[in-house]
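Given next are the chains, with one letter for each unit.
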Amino acid sequence: MTWEEMLPLLWPATVETAQMVGWSALFTVLFGLPLGVALVVFDRGGLRPMPALKSALGFVVNIGRSLPFIVLMIAIIPFTRLVVGTTIGTAAVVVPLTVGAVPFFARLVETALREVGTDVVQAAQAMGAGRAAIVRKVLLPEALPGLVAGLTVTVVALIGYSAMAGTIGGGGLGDLAIRYGYQRFETLVMIVTVVVLIVIVQLLQSLGDWVARRLSHK
Amino acid sequence: MIQASGLRKHYGETVALDGVDLHVREGEIYGVLGQSGAGKSTLLRCVNLLERPTAGTVAVAGQDLTALGDGELNRARQRIGMIHQHFALLSSRTVAGNVAFPLEVMGVPRAERRRRVAELLALVGLDGRGKDRPHQLSGGQKQRVGIARALAGNPSVLLSDEATSALDPATTQSILALLKRLNTELGLTILLITHEMDVVKTVCDSVAIMSGGRIEESGAVADLIRTPGARLTREIFPLPEPAPPGVVTLTFTGDPGRPVVSEVVRKFDVDVSILGGSIEELAGGSAGRLRVALDGAETGAALAYLRDCGLIVEVAGETREGRAA
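Chains as they are written, first to last, in my numbering: chain A, 1 to 218; chain X, 1 to 325.
If you're looking for bench data, these hints aren't it; they were derived computationally from the structure. Some clues are possibly wrong.
[What the hints assert, rightly or not] One-sided and incomplete, this derived list gives chain X residues near chain A with beta-carbon spacing under 10 Å: (1) Arg-45; (2) His-86; (3) Ala-88; (4) Leu-89; (5) Arg-93; (6) Pro-134; (7) Leu-224.
[As the list claims (entries may be wrong)] The calculated PhoX-like cross-link candidates involving lysine-lysine, where the alpha carbons are at most 25 Å apart (straight line), are: (8) X:Lys-131 <-> A:Lys-137; (9) A:Lys-218 <-> A:Lys-137; (10) X:Lys-201 <-> X:Lys-180; (11) A:Lys-137 <-> A:Lys-54; (12) A:Lys-218 <-> X:Lys-131.
Here a beta-carbon is modelled for each residue, glycine too, at the ideal position from N, C-alpha and C.
Taking the hints into account, I'd like the entire structure generated from these sequences.
Laid out in structure tokens, this is it:
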């Protein structure tokens, strides 16, 4: 296969990967951030200790984290059909990607929030701040550099997951590499997709590090 | 202004507060002195209910905090300022943003907040530093931000949790001077906890000495110094304890200029040798403690004369009342 033949394949695949990762990253933040906050707030010694609820949430998160993504993807096919009405295509892939990444991101959110010193939380309590104000004005802003770092790691993981999702009809770079590079022995396609993936991951990681550094005022 | 009665705090088997009563009068600076682990930090945190006492009640400005629900407690806390050993500033906010935090919590409108923040920064001597980040400030400046933030709600009471313990001696003095000024100018009642005797000596009107979760001794500094055998006196003026039998320890407050020792030597047939002693400037005036040995026929009469001069005379090996001179 020549470059001229490959480029029309490579560009749409890259766009598909970007779409899958972009949408699922958005939904992951939407669901994972509140879940991570809940893991901290409801913990023993948290702002609103509810150990039973926290244990239940932790259990669900651990189930999500212990399933290999490729198994999870297939296992939740009925759920995917329920949500988007189909199980193939880019939109259908966003569901398992989100379900797979939410527990992962929630744990990273939890870790980032725990890094916020108890002294600033107590200082806010001493100033008469309620729980909602402490979450919104203390925990989240103080943890922001850590949250950005966690999001970066999650997006990179999503790129990896999206390659697997390609195998059930999601398209994208992973799908391209498997169909052309592996099944049709087009070594050049394999090498080029790997290089593109490496470049994307490097760029994202550098961007994430830069933003986290800019936000940190320690 | 602060009235705590029968405070107990248990952490499982550990007893942090073992029945503490505390009474802080309006407009005074009250120091709680003790080693780490004495329970003073728990006591302070019980005053604004950061720790809920296992038993006992706390009233601030006549309001029983232990009886309040969450919302009411938060409103009451907005009228109680607190400053912290490690400043507890938000690194995500500028200096001005930190001072504005309690105002946001109270729902003060933006324009009013801006005006009040400028006023508070000027009050603590940080004009024009509003846009700086906390990490750009020195320890003393950080604590000034902490103080400005604590004063945002016009509190009647300021709680200070080892506020100078992380600072060097010169900075400690400047922060204490600021607290003293706020106490005088704003009539602010200050309850501070510390393990540093210097803090008590410099600013405190009253003091409580804590150990093992109990208050061992409390009262106005001037009164305690005049109480024979008070632990505070021994700690302010360290002399070798116990004194050898027969050796006399003199404690005096007020005018240090009067030469009582030379008067005694001139009036009575005694020799006085000075074994040790010091004079300290306290918040309420100066006081001193002198250890002397008296030798001579009229020792008894000399001691009586010293008592008449208003000195506290303690003779080692005797009961506190002393023998009849």
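Should the hint that Arg-45 of chain X touches chain A count as held when the rule is a Cβ pair under 10 Å? Holds - the Cβ of Arg-45 of chain X comes within 10 Å of chain A, reaching about 8 Å at its closest.
Starting from Lys-131 of chain X, check that the Cα of Lys-137 of chain A is at most 25 Å away, please. holds, 18 Å
Starting from Lys-137 of chain A, check that the Cα of Lys-54 of chain A is at most 25 Å away, please. This hinted pair holds, its Cα atoms lying about 22 Å apart.
Would the pair Lys-218 of chain A and Lys-137 of chain A pass a check requiring their Cα atoms to be no farther apart than 25 Å? Holds. Lys-218 of chain A to Lys-137 of chain A sits at ~17 Å (cutoff 25 Å).
Would the hint on Leu-89 of chain X stand, with a C-beta cut-off of 10 Å toward chain A? With a minimum Cβ separation of about 7 Å from chain A (threshold 10 Å), the hint on Leu-89 of chain X holds.
Would the stated hint for Arg-93 of chain X survive a check requiring a Cβ distance to chain A of less than 10 Å? holds, 7 Å
Classify the hint on His-86 of chain X as holds or violated, based on whether any CB of chain A lies nearer than 10 Å to its CB. holds, 6 Å
Under the criterion that the straight-line Cα-Cα distance not exceed 25 Å, is the pair Lys-201 of chain X, Lys-180 of chain X satisfied? holds, 12 Å
Tell me if the straight-line CA distance from Lys-218 of chain A to Lys-131 of chain X falls inside 25 Å. It holds: about 15 Å lies between the C-alpha atoms, which stays within 25 Å.
Interface hint for Leu-224 of chain X, Cβ within 10 Å of any Cβ on chain A: Status violated, d = 30 Å.
Hint check, Pro-134 of chain X versus chain A [nearest Cβ-Cβ separation less than 10 Å]: Interface hint status for Pro-134 of chain X: holds (7 Å vs cutoff 10 Å).
Could you check if Ala-88 of chain X really has its C-beta closer than 10 Å to a C-beta on chain A? holds, 4 Å
Of the numbered hints stated above, the single one contradicted by the structure is hint 7.
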